[in-house]
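Chains as they are written, first to last, in the working numbering: chain A, 1 to 183; chain B, 1001 to 1141.
Keep in mind the hints are simulated off the structure, nothing from the lab. What you are looking at is a predicted structure, and each value in this text was computed from that prediction instead of being measured. Just to be clear, a hint being listed does not mean it is correct.
[Claimed, not checked] Per the computed footprint, the stretches of chain A lying under chain B, defined by three or more beta-carbons under 8 Å from a beta-carbon of chain B, are:
1) 19-26
2) 77-88
3) 117-128
In this text, a Cβ means the ideal position worked out from N, Cα and C, and glycines have one as well.
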Amino acid sequence: MGKFYYDRNYKKLVYVNNFPKKEVWVSKDTSVYHIVNNKVIDRQSAPPVAEFSMFHLVLNSQLSNYGFKNTAMIIEKVEKQDNMVITTWALPPKAPKLFGKIKTSTTNNKLNGIVFLNMEGKVIKKQFFNDYRNIGGLEFPHEVVDIIYINDKENYQVTTYKNIQIDDLTEGNIYNYTIPGNK
Amino acid sequence: MRYLLLSMLSLLALSTLKANDRELFNYNKARIENSLNDLNQIEKIVNDHPDMEADDLVKSGIVEESSISFINSPLSLNGEPPLGIPSFFWGCIFGVAGMIVVLIMTDKDKNEIKQALYGCITTYIAIALIYTFIILESGGL
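The whole structure should be built from the sequences, with the hints applied where relevant.
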């Protein structure tokens, strides 16, 4: 439980966690910093994810395709079923076969869910975006449900968002969080 | 008549296929809510006592230690979240790049890459391989 801060200009994703531990996580460029008591206790290399975070996608009105349009993924099929548009995404033919097809569903241009399949077409992960609310002209899902399949068993994760603010000027400094020791 | 029957069978097959695709996006909300009941109770306690940390809950006997490890990384594999980064960041927060990491981590057939992701030295190479393809081949950001 904690607070996220994201400014698309700084491209720093800051998470101030209060529970189960008091800690700060900052994703910047290709690093993810774990900060406790204002000290960096760990730094991991990771993809520069800020531009692909849900926050960036919402702020840039790209959540409906989950940012896939900015990748090399290709649209294999688009189908309309009832009020739902289901798009099947696939890796380009010459890409390493790291995972199978990905299906996204939208209703009224809002992303409902994503289904990830392995190379054999078996579902390995589902993600659902619920409870959209308009905040400052942007549609933000307030609940994200993850269902991940490990050894054919469903594992759940539900993330709920509250008190989302856009153009927040009261906590300006934290959006450009200074990593301790990186002044 | 034969063609009509064939056409009807084709239509039936198509509608079955469509129904299957539609069903992929269904899930049992009640089952998820039930399985997370304990966490909802913990959330309420923490909201009422904002300074409370996980250790306090365990010490006071409100929750068992195993529940806390579940909160820390509900989707963790091999007891550790991917790259030591909390699991909910992956996919939910990190978007498509994070999703790809989770996909590889959870796909039983990708053990070699999975191990590479766990390894310190090769971690970045494995991610870079994916990332280079997904991002740079699309013409950059």
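Comparing the hints with the structure gives:
Coverage of the region 19-26 of chain A by chain B holds [criterion: at least 3 residues with CB-CB distance below 8 Å; count 5]. Interface restraint, the region 77-88 of chain A with chain B: holds (5 residues with C-beta to C-beta distance below 8 Å; minimum three). Under the rule that three or more residues need a Cβ within less than 8 Å of chain B, the assignment of the region 117-128 of chain A holds, with 8 such residues.
Of the numbered hints listed earlier, not one is contradicted by the structure.
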